[in-house]
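Engineer: Sequence:
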Amino acid sequence: MKAIEVKGTVNEWGQISLDKPLTIAKHSRVRVIVLITGENEEDDELIESASESFRQGWYDAMTGNTIPVSQLWEGIDAE
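In the numbering used here, the protein residues as written are 1 to 79.
Because the hints were derived from the structure by calculation, they are not lab data.
Given the structure is predicted, the values throughout are model-derived calculations rather than measurements.
Label-pair ranges, simulated between beta-carbon atoms:
1) 71 <-> 25: 43 to 49 Å
2) 64 <-> 12: 48 to 54 Å
3) 10 <-> 46: 19 to 25 Å
4) 20 <-> 75: 33 to 39 Å
5) 50 <-> 24: 24 to 30 Å
The beta carbon of each residue, even a glycine, is placed where N, CA and C say it ideally should be.
Put together the whole structure using the sequences plus the hints.
Structural biologist: Written as structure tokens, this is what we have:
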């Protein structure tokens with residue numbers, strides 16, 4: 001058995017709409033476990049987003065996919 005995490009929303013009819021399509025074989029049977037986000041857990045989504053941004057930035061830095069700081073300031077008039 002393989003686990004995939006994807007977020008989604010539940011509509012007024014109780015049906016789940018996923019944020020992204022699943023990358024699995026079509027017409028596969030699946031088992032669904034629903035975790036409901038509480039009111040205080042919305043901060044977790046912000047932390048998750050920041051973590052993903054950091055991971056991407058770290059990956060870019062480690063693979064040399066960066067721009068020199070001197071180029072970042074080109075064309076900016078700061079007084």
